[in-house]
Amino acid sequence: MSAESAPDLPQEAYAVALASMPSMGPARLRTLLAADPPARAWERANEGSRASVRDVARAWQRQTSLGIRVLLAGQPGYPARLVDDPQAPALLFCLGDPTALAGAPTAALVGTRAPTRYGIGVAAQFGADLSGAGVSVVSGLALGIDGAAHEGACGAGAPPVAVVAGGLDHVYPRRHERLWERVASSGVIVSESPAGVPTEKWRFPVRNRLLAALSDVVVVVESRHQGGSRHTVDAAMDRGVPVGAVPGSIRSATSEGTNALLADGAFPVCSCGDILIALALVGASVAVSSQFARGQSSSAASAPVPAQDRRVYDALSADPSPLDELVRVTGLDLAELCGGLERLAQAGLARDAGGWWERA
Amino acid sequence: MQHAAVNSAVLTGATASAVSVEVHVSNGLPGFTIVGLPDAAVRESRDRVRAAILSSGLPWPLRRTVVNLAPSGVRKGGAGLDLPIAVGLLVAAGELSPARTEGLSFCGELGLNGSLRHVPGMIALADAAAPLGMVVPLCDVREAALVRGAAVRGAATLGELVAVLRGQANWPTIPRSRGTVHAPDEPNLSDVRGQALGRRAVEVAAAGRHHLLMVGPPGSGKTMLAERLAGLLPPLTPAEALTVTRIHSAAGCAVPDGELLERPPFRAPHHQASIVSLVGGGSWSLRPGEVSLATNGTLFLDELGEFPVAALEALRQPLEEGVIRVSRAGGTVTFPAAFLLVAAMNPCPCGEGVYEGACGCSVAARARYRRRISAPLLDRFDLVVPLSRPDPDELLSDEPGEPSEVVARRVAAARAAGTGHRAGPELTEDAAALLASKLRAGGLSARGLHKVTRVARTVAALAGADVASFAHASEALSLRAGRAVVVS
Chain L
1 MSAESAPDLP QEAYAVALAS MPSMGPARLR TLLAADPPAR AWERANEGSR
51 ASVRDVARAW QRQTSLGIRV LLAGQPGYPA RLVDDPQAPA LLFCLGDPTA
101 LAGAPTAALV GTRAPTRYGI GVAAQFGADL SGAGVSVVSG LALGIDGAAH
151 EGACGAGAPP VAVVAGGLDH VYPRRHERLW ERVASSGVIV SESPAGVPTE
201 KWRFPVRNRL LAALSDVVVV VESRHQGGSR HTVDAAMDRG VPVGAVPGSI
251 RSATSEGTNA LLADGAFPVC SCGDILIALA LVGASVAVSS QFARGQSSSA
301 ASAPVPAQDR RVYDALSADP SPLDELVRVT GLDLAELCGG LERLAQAGLA
351 RDAGGWWERA
Chain R
1001 MQHAAVNSAV LTGATASAVS VEVHVSNGLP GFTIVGLPDA AVRESRDRVR
1051 AAILSSGLPW PLRRTVVNLA PSGVRKGGAG LDLPIAVGLL VAAGELSPAR
1101 TEGLSFCGEL GLNGSLRHVP GMIALADAAA PLGMVVPLCD VREAALVRGA
1151 AVRGAATLGE LVAVLRGQAN WPTIPRSRGT VHAPDEPNLS DVRGQALGRR
1201 AVEVAAAGRH HLLMVGPPGS GKTMLAERLA GLLPPLTPAE ALTVTRIHSA
1251 AGCAVPDGEL LERPPFRAPH HQASIVSLVG GGSWSLRPGE VSLATNGTLF
1301 LDELGEFPVA ALEALRQPLE EGVIRVSRAG GTVTFPAAFL LVAAMNPCPC
1351 GEGVYEGACG CSVAARARYR RRISAPLLDR FDLVVPLSRP DPDELLSDEP
1401 GEPSEVVARR VAAARAAGTG HRAGPELTED AAALLASKLR AGGLSARGLH
1451 KVTRVARTVA ALAGADVASF AHASEALSLR AGRAVVVS
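Protein chains in written order, with the numbering used here: chain L, 1 to 360; chain R, 1001 to 1488.
Note that these hints are calculated values from the structure, not bench results. Some clues are possibly wrong.
[Unchecked claim] Facing chain L, according to a computed beta carbon distance under 8 Å, are these residues of chain R, among others:
1) Leu1029
2) Arg1200
3) His1472
4) Val1485
[Claimed, not checked] Only pairs whose alpha carbons sit at most 20 Å apart, straight line, appear in this in silico DMTMM-like list of lysine to aspartate or glutamate:
5) L:Lys201 <-> L:Asp234
6) R:Lys1438 <-> L:Asp169
7) R:Lys1438 <-> R:Glu1426
8) R:Lys1438 <-> R:Asp1379
9) R:Lys1438 <-> L:Glu336
10) L:Lys201 <-> L:Glu181
11) R:Lys1438 <-> L:Asp352
Yeah, the Cβ is synthetic: ideal placement off N, Cα and C, and Gly gets one too.
Go ahead and model the full structure; you've got the sequences and the hints to work with.
So, in structure tokens, the structure goes:
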């Protein structure tokens, strides 16, 4: 057992082999690699075992064959944002272009996995608007808000950044397989776990800490009372990263967490412009264009409402209403009302939200 | 005379088959054997028959007696064979002349005191006994006469019957009807406040025979609306009424004395009902299930998501073909099962799923709940409506909703004009264009397009229109918008 017998293996290979050992967490890895160079650390960790350099080569081969890039702390290419981080990962695995982690300012859009349409719409819109303004959107690629933010950000401008909990050899959650590929091709997916490590429960809070560390500002779009976003927010506050929250209805359980954050002093996010201003305050170079000024959305100005459907349009609001309520408010017969709603939908003025209707 | 053969019939499912009861009395040790695949009730008839004969003051042959039920290969059940066995025994023992029992078919249960008791499934039994004359318990004469008219005779006791058959008495007169079983008042739609969409959904379902699924939180009136749908259906036609009465009679349900059921049945089995009780069956005597009892009427499944998955999947054949085939080792029985399916379910385990942000269910729990309703089953529903709780002001108002009578008149008129299933109004160009745009946008499958078209035609027929307009097609789309809540 000797590191010198395989001089062609890079330092990263030994670090990967060390990280792939059973019961190796981020903290232990950080301690081991801080004490010794990777090859030496790996040797010491495997003293008395039958592990050989061949195992190192195999673990290394596994990463490279999957197209996974490995960034070692202290080496060139390691993200500058993490250099001074108190809990910086010793090793980062990337799928896609790791330079997306440098350069552009970053904003995290996070929230609940079971959002309302309001949350999904806001996350997707902010994702697209931020990306279009040259800000990389950082999120966790989870179901709900995270996925919606990435959906909006992919291909809209700045490269998106996804921070995931498990190894990069398997897609988690499975439902986001296509989104995963789109993020990997237009931006980068980052993980602290080597390939082959399953997505275990304890890795999510750890992931959220990395997500906060990689962001210049963290925005919670929708979250429940004790949601997982709390971990991201705590990690952001530990690092002095500004935290914003999107206000929601006081009746909505999915806005309990965000409204509580606002009460605790998070800055309110009512438009993409609010996030850009926060970024400018932390020193990121963004141009806050008038397009994103408060209260303005990026959607195009709406078409004029036809006179015959005025009554129907007036009964609609930005929040979806059930048909029963619209019948009561308009006093129209169900067929007339539905006809008016479909006409408004064709004109892009109304939207069917699962049988309930809202203004588009 | 040592041998006798008497005609009878036994029930298998909702139909009956003719059976010949052969009795042989011979010298030997006194004994009584029944052969020919009898079930427990028939085997026990030995003791009932003996007691009834002795109670009627007739002699019991103290000889070796064998009763054969032909054809021997068919399993026979029910106590209706008591009477033919007793009559055959009396003929074989020489107490009755075989000439007097010729051309008659006997059916009835015996009491120990010699009285003749009611047998379920009398309509089907009377069918199977044709063209023979029929002798049944006096209380069943009117029911059997529904299909057989004057060829049905009755007697109240075995002794009375023997007297008639010996020519010592005339057939007893058939008692007058005890009067129609007073049907409980069907609940009225005027009790429902608000709920424009739900009211409309039951109306369209009743007019076009469209299967309806209501999705809504607890307290949104799903059960209330379903119970009122039955009252909107037009009365049964005579042929339908005979089918319904026959099945109810075979299942042992109460049927009006000597009359046909007039109102379409409404069956609401609980979600813990076994699969056999739903689709019919049983190991020996195949009994019609809830789907058959609901034929020509409404089958209401409340809490659809709580039914066992296997029970729901078993509904697919009847929904497709209008019949259910129950197969057992002993054979296959086909029951009619052409019902209007009305189901209700919560959008998620906590029930609040239609209100965004109010639902506390995890993503996995919601997905699990929705998986219980398979896509093929969901496809059978033409109408999937999302219901919400009524507005408090409407709920507390004194103004009653539109009463069932008015809606039922519209339903009857629409059915007469032709609805979605047959010769309803055609779609206008802009209505067809609306549906085509939904198809292209992926919001509608090919099957979905077909169903929406049918519903739109029913909606137009209810409005008394000649064509199904843009508004009618839009309403049809809204009447299936609940799919978005159920399909994740």
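Item checked: Numbered hints the structure breaks, given as an ascending list -> Violated hints (numbers, rising): 1, 6 and 10; every other hint is consistent with the structure.
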